[in-house]
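Asks: Given chain Y, put chain C in place with the hints provided.
Sequence order for the protein chains is Y and C.
Be aware that the first sequence starts at 1, since it is given in full-length UniProt numbering, and climbs by one per residue.
Be aware that the second sequence starts at 1, since it is given in full-length UniProt numbering, and climbs by one per residue.
I should point out that these hints are in silico values taken from the structure, not numbers from a laboratory.
It is possible that part of the hints are untrue.
Stated by the list, open to error - Pairs of lysine to aspartate or glutamate, EDC-like flavour, derived with a Cα cap of 20 Å:
| no. | chain 1 | residue 1 | chain 2 | residue 2 |
| --- | --- | --- | --- | --- |
| 1 | Y | K113 | C | D116 |
| 2 | C | K272 | C | D142 |
| 3 | C | K169 | Y | E53 |
| 4 | C | K113 | C | D48 |
| 5 | Y | K112 | C | D116 |
| 6 | C | K132 | C | E64 |
Okay, here's what each chain looks like letter by letter:
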Amino acid sequence: MVTVTDSTQRRAPKAAKTTSVFKKAVMAISGIILVLYLIAHMIGNLKAFSGEEEFNHYSEWLRTIGNPALPGSTALWLIRIVLLVAVFAHMWAAISLWRQAKRARPQGYVTKKAMAQSYASRTMRWGGVIIAAFVIWHLLDLTWGTVNSAADSGPYDKLVASFSNPVSTAFYAIAVILVGMHLRHGIWSATQTLGQSNRRREVTVNYAATAIATVLTLGFLLVPFSVLFGLID
Amino acid sequence: MTATHEDTMRSSVGDPGAGKRGMNLTLRVWRQQGPTVKGKMVTYKVTDISPDMSFLEMLDVLNEQLILQGDDPVAFDHDCREGICGMCGVVINGMAHGPQQTTTCQLHMRSFKDGDTIDVEPWRATAFPIIKDLAVDRRALDRIIQAGGYISVPTGTAPEAHATPVPKKDADNAFDAATCIGCGACVAACPNASSMLFTAAKVTHLGLLPQGQPERNDRVVNMVAQQDREGFGGCTNIGECSAACPKGISMETISRLNHDLLGALRAGARPKS
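Excised from the complex, chain Y in its bound form:
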C-alpha cells in the first residue's frame, strides 16, 4: 500500500460545546420551539372564519396578554424574544453545519444517485433560506403593513387586502408548502438528533412528522385561499 503524508493541515480541536452533534441539538430544540409557535399561529389564523370582530379582538388580546398584571405588550414581547432567539440559533446551527458539509466534500461526484433521500430532506437548506425570506416579507405585509395596501387599517382588513391578490396568495402558498416539507424532515430529524428514535419507533415518528406537517400546511393554506375565493371578505 502506498503511504502518504498528510497534505492537509488538521484543524485544532474545538471545545465540546461546538461539536456537530451539539449544533444539531441546538437546531432540534429551536426547531421544536418554532413548531409549537406555528401550531399556535395556525389556530390564531383560523379565527378569521369567526369574522372581523373576533379576529381583531384576538389580535388585540395578543397585545394585552396578562394585563393588568403584566404592563402593555410584555407577554407578546417575551414570546417575540424567545422566537427571535430560536430563529437565530436555528440559523446559526444550519449555516455552520452547511459550511462544514461544504468543507467536507469540496469536489463532488461526477455521477451521484439518491438512494434514500426524500425531496423534503434535500430541500432543507435552500428551503430554509426561502422560508426566512418569506418570513421577512410576511412581517412587512401583515405585522407592520409596510407593503400592504390596507396598511392603516385593522389586522382583518390587512389580511383580506393581502390575500385578495393572487400573486401574494401564490407566494404565501409556496412558502407554506416549503414549511410543510421542512417540518416533514425536520420533525423526524429532531427526534433522531435528540436520541429519541429507534427501529421500533421509526415508522411512528415518520408518520407523525408527515401528519403534523400536513395539518399545519392545510391549516395555513385554508385562510388565504378562503380570502382569494371570497369565502372571507
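Replies: For chain C alone, coordinates are given in the frame of chain Y:
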C-alpha cells in the same frame, strides 16, 4: 448466434459462464496520478465480461488490458474479496458499492447489462484524500477508533462467558452494530460526507455491552470530537448512509449516539484535546 462467434466472445480469464455471451461495457474511470494532482474521468472499453465476475475482477480485466498496452493500471483498494474486510469500495454509477447493497467485491457483473456505460469514482471526502485513482486514504476512521472505540481492559485468556450476563436483545443489537467493516461507504454516500453511521455503529456496539460502560461517556465525546476534527460533515438524518451500508447498519445507531452524547455532555464529559 453461431458456435464460432460464441467462442470468440469467451473471456480470456476463464469464464465460469461459458456458453453465455460476455458483456461489452464502456467504463468511465476516475484517473488521478496523486493526492495533489488534478484528476479526470477516462473512458475505457472492456469486452467479453462474464456476468459471474465480480466488479473487482472486471477491473482486473481492465488492468491486464492496460498493462499489455503499456498503460498505467487503475489503482483500487481490495483485500479479502469476500465482503468482510472493508478494504474495497468505489462509487459505481453514483452509488457507493454500486446498485446492490453489498461490498464492491461482492457485486457481480450480472447487475449490469451488455452495452452499459459504468461510471467508477473514488469515495469523495476531505477526510478521505485520494492516494491514486480510486484508492483513498481512510485512516481518518482509524483515528476515530483510536479516540475511543475500544475498552481498556487487560487482555489475557478469554473470561468465562457466563461471568458477565448480557440480555439477548442487547447482545443482538450490539452484534448488528459490530458488523460494521469500516469500508467508508456511509461517508461516500452521505450528502454531507459525514462519518456518523460509522461512529454510531462503534458507539452502539460498545455502549450496549457491560464491558463498554466505564468509558461510555468519554468514548462518545472523544469519537465525535475526532470525527469533526478529521473534517467530516455533520449528520442531517437523510438516510443515504444506511441505504448504502453493505452491512445494513440502521439509523437507530445514530439516534443512540446522539442520546449518549447529549447525556455525556450533561454529565460533564469533555473531549481530550
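Asks: Against the 20 Å threshold, does the CA-CA distance of K112 (chain Y) and D116 (chain C) hold or violate the hint?
Replies: The hint holds at about 17 Å.
Asks: Given the hint that K113 (chain Y) pairs with D116 (chain C), test it: the Cα-Cα distance must not exceed 20 Å.
Replies: holds, 16 Å
Asks: Holds or violated: K272 (chain C) with D142 (chain C), Cα cutoff 20 Å?
Replies: OK: K272 (chain C) and D142 (chain C) at ~17 Å, within 20 Å.
Asks: Take a quick look at whether K132 (chain C) and E64 (chain C) sit within 20 Å of each other, Cα to Cα.
Replies: Roughly 18 Å between the alpha carbons, so the hint for K132 (chain C) and E64 (chain C) holds.
Asks: Does D48 (chain C) sit within 20 Å of K113 (chain C), going by the straight-line distance between their CA atoms?
Replies: holds, 12 Å
Asks: Please verify whether K169 (chain C) and E53 (chain Y) have alpha carbons no more than 20 Å apart.
Replies: Distance ~60 Å between K169 (chain C) and E53 (chain Y) Cα, so the pair is violated.
The structure fails hint 3 only (numbered hints given earlier).
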